[in-house]
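**Q** All residue numbers for the sequence shown refer to this note's numbering, where the first residue is 3 and numbers rise by one.
Any given hint could be a false lead.
27 Å max Cα-Cα, derived DSSO-like pairs, lysine-lysine [claimed, not checked]:
hint, residue 1, residue 2
1, K46, K104
2, K122, K91
3, K122, K90
4, K91, K224
5, K224, K205
6, K104, K91
7, K122, K104
8, K210, K122
9, K67, K91
10, K180, K91
11, K104, K65
12, K104, K210
No lab work stands behind these hints: they were computed from the structure.
Remember, predicted model here, so these are calculated numbers, not experimental data.
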Amino acid sequence: MSTVVTISTIVAFPDMIEETIVGQEQVQIEGEAATAETRFFIAKDQTEMLEGYERFNIRHTQKYKIEGQLGLREFKSILRIINLRFYKKNNYDYTFTMGSSKADITHNALNRLREATPVKLQPFEVNLIEAIEKFIRYSPNDIKIVSGWFSNLNLPNLTNALLTGVDANLGDDWQRFKDTQGVTLSNIELQITDNDFNNGYVKISLSKRGILFSHSNITTKKVLELAEKILAILARSLPLTR
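Could you put together the complete structure from these sequences and hints?
**A** Below, the structure written as structure tokens:
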């Protein structure tokens, strides 16, 4: 089972949440008005509780295009229900939302909360070209770059490119693409040394939108530990160049 974590930056957050917070949006389902809700509430069960974190649940409904038939009635869209786990640490600027759904759905849920409730979070944007320089400088032995997805290259016959291989960032093509005007490094895959894994490392992707993804089945505790490690490196400053 894959792991998806969406990192967000806290803009505002209630000191105490006792009741369910609800954000609503009006949508059209089969030509009729419907209310899509995002419900944010304290997790009551002990599943995936972690020391040092507050855990909340998000129950999000979103319009979803799908064709089908219920009885004699055909339909082309429904209100889909998505459940997400949300972790917040005291005196920490970031939050983590987890679930098996695509990160776009998580962003939609958090955006609805931001616009209509006191829970206000912004997507965590990452300059991945700068991030790689920080990984190289501050964690050269623990983190290797094994792939990178470049977009907006605007080169002859080449708009997007995926470069792969351990230390992929050291190749000539990487340097050439990185220096191309207008280019975007959209996603990188990291190989992080960690003895908690049988092979001594784990591969995890980081997107420019602050999304962590891994094909490995990583425990919640470990993936949040890795996320905090990455954020600590990204928070550091690079030396000024002359």
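**Q** Starting from K224, check that the Cα of K205 is at most 27 Å away, please.
**A** Roughly 13 Å separates the two Cα atoms, so the pair holds.
**Q** Straight-line Cα separation of K122 and K90 no greater than 27 Å?
**A** holds (13 Å)
**Q** K46 and K104: Cα distance at most 27 Å?
**A** holds (25 Å)
**Q** Next pair to validate is K67 with K91; report whether the Cα-Cα distance is within 27 Å.
**A** violated (36 Å)
**Q** Take the C-alpha atoms of K104 and K65, compute the straight-line distance between them, and say whether it is at most 27 Å.
**A** holds (14 Å)
**Q** Under the criterion that the straight-line Cα-Cα distance not exceed 27 Å, is the pair K91, K224 satisfied?
**A** holds (15 Å)
**Q** Between the alpha carbons of K122 and K91, is the straight-line distance 27 Å or under?
**A** holds (15 Å)
**Q** When you check the alpha-carbon spacing of K122 and K104, does it fall within 27 Å?
**A** Status holds; Cα separation ~20 Å.
**Q** Assess, step by step, whether the Cα of K104 is no farther than 27 Å from the Cα of K91, and give holds or violated.
**A** holds (23 Å)
**Q** Below or equal to 27 Å on CA atoms is what counts here, so check K104 against K210.
**A** Holds. K104 to K210 sits at ~15 Å (cutoff 27 Å).
**Q** Next pair to validate is K210 with K122; report whether the Cα-Cα distance is within 27 Å.
**A** Holds. K210 to K122 sits at ~20 Å (cutoff 27 Å).
**Q** For the pair supplied as a hint, K180 and K91, is the alpha-carbon distance within the 27 Å limit?
**A** violated (35 Å)
Of the numbered hints listed earlier, those contradicted by the structure are 9, 10.
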